[in-house]
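Peer 1: One-letter residues, chain by chain:
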Amino acid sequence: MSERLNVRKTYKLVIGGAFVRSESGRSYEVTGADGAFLANVARASRKDVRDAVRAAEGAQPRWAAQGAMLRGQVLYRFAEMAEARAGELADQVSRAEGVDGATARASVAGGIDRLVWYAGWADKVGQVLGGANDVAGPFFNFSVPVPVGVVGVVAPADSSFAGLVDALVAPLVTGNAVVVLASEHRPVPAVLLGEMTATSDLPAGLVNVLSGPLDELGPVLAAHEAVDGLDLTGARDPGALAALAADSITRVLHAGPPATPEGGLQRLRAFVDTTTVWHTVGA
Amino acid sequence: MSSEPKNHELASTGQVSRLGAMDYAPAPESTAAVRIADAYGLYIDGRFTDPERHESFATLNPATAAPLTRVARASAADVDAAVQAARRAFPAWSALAGSERAKYLFRISRIIQERARELAVLETLDNGKPIRETRDIDVPLAAGHFFYYAGWADKLAFAGFGAEPRPRGVVGQIIPWNFPLLMAAWKLAPALAAGNTCVLKPAETTPLTALALADILEQAELPAGVVNIVTGDGATGADLVDHPGIDKVAFTGSTEVGRQIQRRTAAQGLPLTLELGGKGANIVFDDAPLDEAIEGIIDGIFFNQGHVCCAGSRLLVHEGMADEVLRRLRRRVDQLRVGDPLDKNTDVGAINSAAQLARIEELVAAGEAEGATRYTSACPLPAAGYWFAPTVFTDVAPAHRIAREEIFGPVLSVMTFRTPEEAVAKANDTTYGLACGVWSEKGSRTLWVAQRLRAGVVWANAYNRFDPASPFGGVRESGFGREGGRHGLEAYLDV
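Protein chains in written order, with our numbering: chain E, 1 to 283; chain S, 1 to 495.
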């Protein structure tokens, strides 16, 4: 008997909770670190970026309005889904990054642990970043962190899973929606992660994943008026994208901290604003 | 104030009122406490120096349009000298024990209090804002900010930015003309507490209190180079932003200039905080405490001639209340005393500059042309100087320029709503997001609205309240970063 021919997966974009080919109909060939053919991955267009931003804009307010603990539980569910498919992720990380199986498994495990770490932050970040302010006069004055809105993420080029998880999940914790430009030459783990959002109770449109040429997609994402935050960790020329982001006073994280708890709260802080409420006190 | 003078004395000062029983005699604050030099140099490395090119420009009293003095225009070389001085001062200042830095800041706070009258008069002369405001708000808050951040200088490890937070280095700070001394305090106090050294550029039209502050820093014996003050126009600001020796930029001003600065600093990924424009909504529900709300609306838009980034320049009033609110609002607008900023009874002072007056006039003309209904106080305005009478527009549509663009003057645009959802939607229908007011006696509704407003500050049954402990700053195109409170330290720490 000959060996069974495997069923290959078509790697698509994740936009608005749907798995779609690029509206342009284009794709590009992705190879592993060893140069062997991996897949024909959808090649997102400028319009796909705009559609993804619109989907994120639509999904964000409800996500932000949900209870913080519920957001944490949904993100923990996301980790559960990733854990269940850890083998598949490790296999793809190994092929994409050209690392051995043990290294890839450790990288995936680290990313999943990071996801769990962030899930636990959802209902604590308000206490740590906010608080009551002792002002003069008859006021109860308090500050709360609020999401900036839609965060565009240029995923790290080299760390196809662990680095991606950090950049993608941090904005979600505080109530933002994200549009991720996957590592251009190693997009498969990002697309897999995007697939997992469908089974994680993450609302459709909250996480959008696009694969394609960064030089073409990055400027569209950075300049988009509805993008309120930008993580440029994976950008080849972050300065140029950051300059485009200035048009709508977008918050920019030029290069994120290391994807470990020692990296601190920089990523969480990068994509929240603070709203301070002065509530009058009187009988 | 109307055009019916009650007696010659009042008529001659422009302080007249149709409420005869409430006429006030002129009560000008003495200018004896203030000595203005014939010319000012740049404050670099602990002393006043002549600018490299010996260029200067006049700063005016906007209430008379007469020049007060001349100040130096810093060139790129002067900015470089200031940055170098700050660079040299940084190692020692940042290595100084926090408790010692604290004592310098406490000293500065105390000297501001000691010289409060002088500073208030000087600010009123240079800016045009009423002495009542400089005396009761600008100067005490400036002293308060130094006092507040002095206390942080030796407690940074407890601020939530790590066990050993480090300063950024040399910070470039550019401040606006609407609260000159207060903005200098907002910028310098947290930066110094965190161990940074500073190059501050005051606004072109209001440099004098920053220069007086330099004298205060001298009296406090702040080490040379820790704070450097360079006067000039936008070109000087650009030189400062572009200087490679700057580790962080903090800017307060218009959204348009903020955009330019964000673009200029993008390539280096320079840490940046921006406090920009606004189009604040003051939302009055049908259960609002009406007396307080009327005062809050007045204060929200006419405080500081409306030269306030967080001004409540859009009034959103519940449809059922609109007639009553507008009737009382017009009556209150008529009572506003516009005139000599040094008079202790003046409510609304001079517009800060001819350029700002032209901008206000242009937008008001656009409001009329687009079909809004204008009501302007009939108060007499002084002949010399820059003035604009308090103005309220009704029949304003959300698409009108006066509903969308920041006027930065004493001009209110009134719109109505029926439901809380509509109020929130209209309040958020702007690219800005600095501040909003909510007027209602129903706490649950106030907090419901506050949760949905896209704004950095929400005042409930209040407006335009500021405190050193309260974080201030915008969302969306009103900028990013916070000033005041624990949050205000983040901009000046390498976190």
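Hints are supplied without guarantee of correctness; some may be wrong.
Said to hold, decoys possible - Quick list of simulated restraints, FRET-style, between CB atoms:
#1 P398(S) with D158(E): 44 to 52 Å
#2 D113(E) with E295(S): 27 to 35 Å
#3 E441(S) with D158(E): 28 to 36 Å
#4 K155(S) with E23(E): 52 to 60 Å
#5 E100(S) with G131(E): 57 to 65 Å
#6 P223(S) with R236(E): 52 to 60 Å
#7 D113(E) with P289(S): 36 to 44 Å
Claimed, not checked - Here are some, though not all, of the chain S residues that point toward chain E, as calculated from beta-carbon distances under 10 Å:
#8 G169
#9 G433
#10 P471
These aren't lab readings, by the way, just hints derived from the structure by calculation. Where is the CB? At the ideal position from N, CA and C, for every residue including glycine.
Peer 1: Please write out, lowest number first, the hints stated earlier that are contradicted by the structure.
Peer 2: Structure breaks hints 2, 3, 5, 6, 7, 8.
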